[in-house]
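Q: So you can see what is in the structure, the chains are spelled out below.
Number of protein chains: 2
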Amino acid sequence: MRLGPASTPVNPHPSHAPLTTVRIAVDCMGGDHGPAVTLPACRAFLDKHPAAELVLVGTEAGLAGAAGLPRTRRVIATEVVTMDDAVEVALRKKRDSSMRVAIAQLKGPHGEAGGHDTPAVGGPPAADACVSAGNTGALMAVARYVLKTLPGIDRPAIATVMPNRQDRYTTVLDLGANVDCTPEHLLQFAVMGSALVAAVEGREEPAVGLLNIGEEAIKGSETIKRAGELLRQAGAAGHINFFGNVEGNDIYKGTVDIVVCDGFVGNVLLKTSEGLASMLTEFIRQEFTRSPLAKLAALAAMPALKRFKSRVDPRRYNGAALLGLRGLVFKSHGSADAYAFESALARAYDAARNRLLVRVQERIGPTLAAMPGFTTASPQQAA
Amino acid sequence: MRLGPASTPVNPHPSHAPLTTVRIAVDCMGGDHGPAVTLPACRAFLDKHPAAELVLVGTEAGLAGAAGLPRTRRVIATEVVTMDDAVEVALRKKRDSSMRVAIAQLKGPHGEAGGHDTPAVGGPPAADACVSAGNTGALMAVARYVLKTLPGIDRPAIATVMPNRQDRYTTVLDLGANVDCTPEHLLQFAVMGSALVAAVEGREEPAVGLLNIGEEAIKGSETIKRAGELLRQAGAAGHINFFGNVEGNDIYKGTVDIVVCDGFVGNVLLKTSEGLASMLTEFIRQEFTRSPLAKLAALAAMPALKRFKSRVDPRRYNGAALLGLRGLVFKSHGSADAYAFESALARAYDAARNRLLVRVQERIGPTLAAMPGFTTASPQQAA
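Residue numbers (our numbering), protein chains in the order written: chain V, 19 to 401; chain Y, 19 to 401.
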């Protein structure tokens, strides 16, 4: 993609003034490779982001390689959540895991989650965002338990970006956190996605599409129809920029900035895309190695093939946002290499620097207040 | 794909003895291009299938170009369902459309739909299968109205194939006919899909996967969990070959022969795949035309790129099956060219020749009878 994330939003709102320093807590033990990947990624990231500071969380042995990293503080955790650990294990057994301790850096000493420059009783939280390559289910569960959801948000969602034909990104959510969604949840996703794109991509009024199926068929389930109504209302009230229904191919056309769907559909479309891209890449490789002549042609074609590969390289846009929590948590792909993990750090940095948490709260309040039948947050939300 | 559809099934069952001649009714007016595409496709198809006979349905003017086609009968219809016509228009206004008349060829003179060699009161039906490139919603509605559903089937489904890394096809259903599915519907899809793959691909015990989401997340909705139980029971009873849950990427890995999902998810994954494939193809084209040097490289790379393109050419597997009706209807892509439409004719031919209708009925009865709480067909099904 030629357009990288913009670090400075258009028309900055006073409360969106970028943070001058950004502190990121890193779960150095997460992912398939742990510190062998996360520490080199941290080093490269620090080189490119002079305003960044890191809180590295890991075991004593895991953080041994972190010596000499500038603008870095180490926090020791004694346990590690593995990629296979059940959610219950991460949540109830491993209370001193690097994942949990990293997330806890987002809370102030008395439990407030804000920016590290937000005044809070007893001092600010240690970090503005957290990045982990640990397993998604555990990460979501622990983050939800430690941070709680924002007022007005019933369900946190997972958002990622996919490249599109406009050489930009389409943000898609939810990607698997919620298998059954109500129309209200889909509206919340639309609002949170809008805040994310405004913060990270610098597009203040990003267009939102509701994922639906072809005109030929009966247009969507009852949930989707009702969600369409809610999104239209929110659009008419100026709370979001609602484009209307979109179909699966619009994700890659770049018809809208944000595509909203339930977590089952989002997960299926993400995995299907990964499978198709991987099959096509493999077929290209096979055709260019089929014969000595084909291998010769591959040499000539190498520069074009490399440009192609880099253009759709998923490592460039690694880093999914867990939205709706009282703290910014980003999830790296478990199999990420150092380059990919560095991308996730950069996405978390942009989001924190441009005050994603404040933006979500500013947007969600008025949207929900305008909804018919809106009631105040449930006890769980206010926890 | 190197493995084309097999014309002769393994272990033929007596009632599966292939038809000696196969009659296909063709809606010559359907699709974006009408007779300009369908008639050349019919000619090419007849050349390659000496045991095939065609019933060409269209307007007088539309069928003018059909003169001289061997083994062909013409049936005149006075109306045409356009690609934009609402379902209601196709169903209630255009009662003499080429689409409807073509479908009606599958019924015997007294309303029985079977094979054209099936004894029926007053004579056999005029055709064994029907192919149309008309709009999906109209085709499904008209087919359902004219033919009715098979006993034991609540909802017809749309099945298509996608290429996979094994250089075979993965059959996916439903693709958009049903947005809300019960676990029982998903079981019916599994059974119908198994019959389709047995008839068209010659795999008598095809493996069925239930589309679900990653292990990390809560595993699927209540509907999916219950569907998993039903499919496991049907597998244990030997009615289907149930593999278990699969994820989106398994479609392209070729983990199973058949992937079952609801129509919303199926439509999204199909459209998403189309969008991604089209974006990647466009990016490859752009990179190979970016500079004079790249264009030169493209010349050298042409044979490999062509082999790649042909390997994933969607025209090769055009032709979705409308399953669960008392007659075999196949839907071609609306934008199909002659080569693609010929593929749809060939798929319909294979299905009819290998008695897909009989196979579906043979499989669905015992499966449903074994289900707890099974009751006899509803009045609509028995109509």
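Keep in mind that a hint or two might mislead.
[Claimed, not checked] In silico negatives: residues of chain V with every beta carbon more than 12 angstroms from chain Y:
hint, residue
1, Pro181
2, Gly194
3, Phe326
[As the list claims (entries may be wrong)] Partial pick of chain V residues on the chain Y-facing surface, computed with a CB cut under 10 angstroms:
hint, residue
4, Gly83
5, Glu106
6, Val107
7, Thr200
8, Pro201
9, Glu202
10, Ser291
11, Ala295
12, Met297
13, Glu300
14, Phe301
15, Leu314
16, Ala316
[Unchecked claim] Not close to chain V: a few residues of chain Y, all C-beta gaps over 10 angstroms, as computed:
hint, residue
17, Glu78
18, Ala79
19, Asp268
20, Asn285
None of these hints come from the bench; they were simulated from the model.
Quantities reported herein were computed from a predicted structural model and do not represent experimental measurements.
All C-beta atoms, glycine included, are put in the ideal place defined by N, C-alpha and C.
Q: Each hint: holds or not?
A: Quick rundown of the hints versus the structure:
Distance check on Pro181 of chain V: its Cβ comes as close as 8 angstroms (rounded) to a Cβ of chain Y, failing to clear the 12 angstroms threshold; non-interface status is violated. Chain Y draws Gly194 of chain V into its interface by the beta-carbon criterion, the shortest separation being 4 angstroms against a cut-off of 12 angstroms. Look at Phe326 of chain V: its CB is around 5 angstroms from the nearest CB on chain Y, not clear of 12 angstroms, so calling it non-interface is violated. For Gly83 of chain V, the suggested interface contact is broken, since its CB lies about 28 angstroms from the closest CB of chain Y, more than 10 angstroms.
For Glu106 of chain V, the shortest C-beta to C-beta distance to chain Y is roughly 12 angstroms, which exceeds 10 angstroms, and the interface hint is violated. Taking 10 angstroms as the C-beta contact cut-off toward chain Y, the hint placing Val107 of chain V at the interface is violated, the least distance being around 13 angstroms. The interface hint given for Thr200 of chain V is broken, as the beta carbon of that residue sits about 13 angstroms from the closest beta carbon of chain Y, more than 10 angstroms. Annotation: Pro201 of chain V was flagged as interfacial toward chain Y, and the flag is violated, the nearest CB pair being 15 angstroms apart, outside 10 angstroms.
Interface restraint check for Glu202 of chain V: the shortest CB-CB distance to chain Y comes to about 17 angstroms, outside 10 angstroms, so the restraint is violated. Contact between Ser291 of chain V and chain Y, as hinted, is supported at the beta carbon level, the nearest pair being about 5 angstroms apart and thus within 10 angstroms. A least Cβ separation of about 7 angstroms between Ala295 of chain V and chain Y falls short of the 10 angstroms threshold, and the interface hint therefore holds. Checking Met297 of chain V against chain Y by beta carbon gives a least distance of about 4 angstroms; that is within 10 angstroms, so the hint holds.
Against a cut-off of 10 angstroms between C-beta atoms, the interface hint on Glu300 of chain V holds, since the closest Cβ of chain Y lies about 6 angstroms away. Against a cut-off of 10 angstroms between C-beta atoms, the interface hint on Phe301 of chain V holds, since the closest Cβ of chain Y lies about 6 angstroms away. The restraint placing Leu314 of chain V at the interface with chain Y holds, with a minimum CB-CB distance near 7 angstroms, inside the 10 angstroms limit. At its closest, the beta carbon of Ala316 of chain V sits 7 angstroms from a beta carbon of chain Y; the interface hint therefore holds under the 10 angstroms criterion.
The Cβ of Glu78 of chain Y sits about 28 angstroms from the closest Cβ of chain V, beyond the 10 angstroms cut-off, so the non-interface label holds. With a cut of 10 angstroms on Cβ distances, Ala79 of chain Y stays outside the contact zone with chain V, its closest approach being about 27 angstroms. Asp268 of chain Y, annotated as away from the interface, has a beta carbon of chain V within 10 angstroms; the closest lies near 7 angstroms. The claim that Asn285 of chain Y is not at the interface with chain V is violated, since a C-beta of that chain comes within 10 angstroms of its own (minimum 4 angstroms).
Comparing the model with each earlier hint shows violations of hints 1, 2, 3, 4, 5, 6, 7, 8, 9, 19, 20; every other hint is respected.
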